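So the protein lines, in turn, are chains F and L.
First residue of the first sequence: 1, per our numbering; consecutive thereafter.
First residue of the second sequence: 1001, per our numbering; consecutive thereafter.
If you are wondering where the hints come from, they were derived from the structure by calculation, not from laboratory data.
Bear in mind the structure is a predicted one, so any value in this text is a computation, not a measurement.
Heads up, the beta-carbon is just placed ideally off N, CA and C, and yes, glycines get one too.
Treat the hints with care, as some may be off.
[Said to hold, decoys possible] EDC-like mimics (lysine to aspartate or glutamate), calculated; alpha carbons at most 16 Å apart, straight line:
no., chain 1, residue 1, chain 2, residue 2
1, L, 1318, F, 55
2, F, 22, L, 1264
3, L, 1167, L, 1237
[Said to hold, decoys possible] Sample of chain F residues at the chain L side, in silico, Cβ under 8 Å:
no., residue
4, 23
5, 127
6, 260
7, 270
8, 313
Listed here are the chains, written in short residue letters.
2 protein chains.
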Amino acid sequence: MAIRIGIMGYGNLGRGIECAVKQNDDMELAAVFTRRDPSTVKIQTEGVAVYPAADAAAHKDEIDVLILCGGSATDLPEQTPEYVKYFNVVDSFDTHANIPSHFANVDAAAKAAGNVGIISVGWDPGMFSLNRLYANCILVDGADYTFWGKGVSQGHSDAIRRVKGVKNAKQYTVPVPKALEAVRNGENPELSTRQKHTRECYVAAEEGADKEQIVNDIVTMPNYFADYDTTVNFVSEEELIKNHSGIPHGGFVIRSGRTGQNGENKHIIEYSLKLDSNPEFTSCVLVAYARAAYRLNKEGASGAKTVFDIAPAYLSSKSGEELRAHLL
Amino acid sequence: MAIRIGIMGYGNLGRGIECAVKQNDDMELAAVFTRRDPSTVKIQTEGVAVYPAADAAAHKDEIDVLILCGGSATDLPEQTPEYVKYFNVVDSFDTHANIPSHFANVDAAAKAAGNVGIISVGWDPGMFSLNRLYANCILVDGADYTFWGKGVSQGHSDAIRRVKGVKNAKQYTVPVPKALEAVRNGENPELSTRQKHTRECYVAAEEGADKEQIVNDIVTMPNYFADYDTTVNFVSEEELIKNHSGIPHGGFVIRSGRTGQNGENKHIIEYSLKLDSNPEFTSCVLVAYARAAYRLNKEGASGAKTVFDIAPAYLSSKSGEELRAHLL
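In isolation and in its complexed conformation, chain F is listed as follows (with noise of 0.2 Å):
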């Protein structure tokens, strides 16, 4: 019997969520839940339900593993909690700092209530993470480096779109190529936030503004420019739809160290993402833990777990044998 999914909230991640599940044999889309009036929602799966995200408790029997899709600033810290008392669920919660105080949340309720709880799953926290503690425990002498894009940083682009005069705008995250070749060579560099990524905006700016203004008021802007080499280019808003409405993203984690007796072998590991869609692959990784999170509760597992606690098998539809065989 297929894994049944359900789907909290239908944005882009929610949506990622139901191609994701057609590409996989032995799970199906069994409800999407949202906070907007369901008859306003359409999905892509023919004969699925969209219910309104407060009757999601009702549904609770026909659904193995609920993926949340909601964001992490008010979403999460509040559905996570809530909705593992009635499912096994899965989220993304990407506030980094914040993941403490998520984890024991989430893991009281998901105790209490007997049901699986996968929570911060995606690249970064995710895949990103999993190569970081891969990379340390294997090269205890070394050092980190984290490089984020080429990608669109949705946080930066709204931060631009407040900005007097702009219309419209796009924010390029990128990792500075001499940084990431020093780091690649071994190197080790010690590097300032400026020398590792540069900032690159796209900004359709309201006729008549005063774009000298523009472009002062995104470089200066503390947290999120005043940091960072920044460069800003005008475009049309039509120019801005048609080169810059996709979601690419990606990264590089690398870790490098050092062995031997006196530490004279240097070696270097590489994680890298290049995607076309940052929300279609965090998609892709929330429901391979999807299938985690259904058979380690079937196995009688519950609590809040992050990727970090789930032997890389419980992923795979494949058997043991299936997985040795041809994969080992």
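Got chain F sorted already, so can you dock chain L onto it with the hints?
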């Protein structure tokens, strides 16, 4: 109390284990076992005994995990099922085709003894396998590529040394840059053996040897070289020792896949290693999994395991709280 590590076999890998144990504060080297006369084996760690391999079982209470550093052809198929009767063990068994039967043998003996035996640990099989598995579970609709090198192949170097007129030799396996680039671009190329790797040979010939015959014997050698573009460089034995004594290796595991309603979005996951010393890096991986073997056994686990079966957190000396706070 530190995890007490034993080393079975003191060659390149055994010496690498000794170095790696020193880098890990929660471990200590307890003993080295050898099939040679122990009085002829000088190790680097003061105060640690070298015992005859035949006496290993007598020391079972002094050791938490025995790391088996023998070869996959004849040593490990016998040693792993034998020593897991007395110890938790980790090996680097790398004959891919025989992994299923090796796993079955180790599993039966390990379960009977209540010990853990982790097999096929290293980078391929090992970290490369893990990355193949994770990437396959995430990008369901995609293609896998593994490239090895640039690095020394011991087996191919040995094969050249058996050619008439060859005094000494080293062989490097080198990925073809054009093939690597096509894969990274998501072109999903179909690649023949010849299109993926080239083979570079450095040969010190005996005096008066027929170099033309040597080249011909190498490049036409079935299985080893006939299916590759092979170059043979003649060098003096001094130059061979001076410039080609290292044991570097590495490689790339790439998965290229598609997502979306109609597969409209491409994604590339790439994992790569650049290693100055193949045996020292492999040793670091073995030591991290020795920690996992110890902890799993403490929790009551027994039987054969592979990297697929072990949650990443078991490799780390840090607590779940620390890992979530700093690496997630």
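For each hint, the structure was consulted:
no.	hint	result
1	L:1318 x F:55	violated, 41 Å
2	F:22 x L:1264	holds, 14 Å
3	L:1167 x L:1237	holds, 8 Å
4	23	holds, 4 Å
5	127	holds, 7 Å
6	260	holds, 6 Å
7	270	holds, 5 Å
8	313	holds, 4 Å
Of the numbered hints listed earlier, the single one contradicted by the structure is hint 1.
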